[in-house]
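Participant: Sequence:
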Amino acid sequence: MCDEVVFIPRNQEISPEGVRKNYDDWATSYDQVYAELDYKAPQFCAETLTETFAAADRSQIRILDVAAGTGLVGEELHKMGFTNMDAVDCSQKMLDEAKVKNIYGRLICDFVGPEQLDMEKDTYDAIVCCGGFATGLLNEDCFPELIRVVKPGGIICITMRELFLHTLEAYKDKLEPAMARLEQEGLWERLSRDVIPDFYPNKSGVRFVFRVL
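Heads up: the sequence shown begins at 87 in my numbering, then just goes up one per residue.
Read the hints as simulated data drawn from the structure, not as lab findings. Predicted model only: the values in this text are computed from it and were never measured. There's no promise every hint is true.
Claimed, not checked - With a straight-line Cα cutoff of 20 angstroms, these simulated EDC-like cross-link-like pairs (lysine to aspartate or glutamate) come out:
1. K126 / E161
2. K126 / E137
3. K185 / D172
4. K165 / E183
5. K126 / D284
6. K185 / E271
7. K107 / E231
8. K185 / D196
9. K179 / D111
10. K237 / E269
11. K237 / E201
12. K207 / E275
13. K258 / D280
14. K258 / E226
15. K185 / D111
16. K260 / E271
17. K179 / D196
18. K185 / E161
19. K187 / E161
20. K237 / D111
21. K207 / E183
22. K126 / D280
23. K179 / D117
24. K260 / E231
25. K237 / D204
26. K187 / D172
27. K107 / D196
28. K237 / E206
When you get a sec, could you build the whole thing from the sequences and use the hints?
Facilitator: Okay, here's the thing in structure tokens:
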């Protein structure tokens, strides 16, 4: 999922089923909306994995696309030779749009949070999450589960609007401290945190890259 054109006002309380319905309703027009926005975040996510796995056989790198939506990040990764990918999203209609693109193996409809997903421990070489941290979507309580399903030494790449770190109550003074606590506990290490100009036109994003320990 992506995080700029949404039907959920910032800081408004909404149930998980309400979130699902919003994205179900949006599924068929989602790709067109983001194409018109010239949304570059999926490319930034894909480039991160290209740089990280520069010497690897990309077809053998197993990736989980978290909050995958219609597969915008998956499309970019597929172009770069990453062909062993699964997707998880709370909206079945979004996943139906992604299925048509024929870029994922498993398509899993579920909410990503503190509960265990239908995945074995240490399954993936990398997770990408582009725009999943936005109004009504993922919270810091999902981090342990992301770590659980990634192999030791694997990569977790998260991109989001920089503004949301300071304006959304769910993230302000919560998201980055939670990241730091998990690093102190020896569960992952932060490799980079960089601000991305023009994540959207005239709006910056932030990219976090972690290595699972």
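Participant: All the hints need checking, so say for each whether the structure fits it.
Facilitator: Status of each hint after checking the structure:
1. K126 / E161: 13 angstroms, holds
2. K126 / E137: Holds. K126 to E137 sits at ~17 angstroms (cutoff 20 angstroms).
3. K185 / D172: The given pair, whose Cα atoms are some 11 angstroms apart, holds under the 20 angstroms limit.
4. K165 / E183: 18 angstroms, holds
5. K126 / D284: With Cα atoms ~8 angstroms apart, K126 and D284 stay inside 20 angstroms; holds.
6. K185 / E271: The given pair, whose Cα atoms are some 38 angstroms apart, is violated under the 20 angstroms limit.
7. K107 / E231: Violated, at roughly 24 angstroms.
8. K185 / D196: Distance ~15 angstroms between K185 and D196 Cα, so the pair holds.
9. K179 / D111: 8 angstroms, holds
10. K237 / E269: 16 angstroms, holds
11. K237 / E201: Within the cut-off at roughly 18 angstroms; holds.
12. K207 / E275: 18 angstroms, holds
13. K258 / D280: 18 angstroms, holds
14. K258 / E226: Given that 20 angstroms is the threshold and the Cα spacing comes to 11 angstroms, the pair holds.
15. K185 / D111: Within the cut-off at roughly 17 angstroms; holds.
16. K260 / E271: Roughly 16 angstroms between the alpha carbons, so the hint for K260 and E271 holds.
17. K179 / D196: This hinted pair holds, its Cα atoms lying about 12 angstroms apart.
18. K185 / E161: The hint holds at about 11 angstroms.
19. K187 / E161: 8 angstroms, holds
20. K237 / D111: Given that 20 angstroms is the threshold and the Cα spacing comes to 35 angstroms, the pair is violated.
21. K207 / E183: 28 angstroms, violated
22. K126 / D280: 15 angstroms, holds
23. K179 / D117: Holds, at roughly 13 angstroms.
24. K260 / E231: 17 angstroms, holds
25. K237 / D204: 16 angstroms, holds
26. K187 / D172: 13 angstroms, holds
27. K107 / D196: The hint holds at about 13 angstroms.
28. K237 / E206: This hinted pair holds, its Cα atoms lying about 10 angstroms apart.
Figure legend: structure checked against the earlier numbered hints; hints not met, in rising order: 6, 7, 20, 21.
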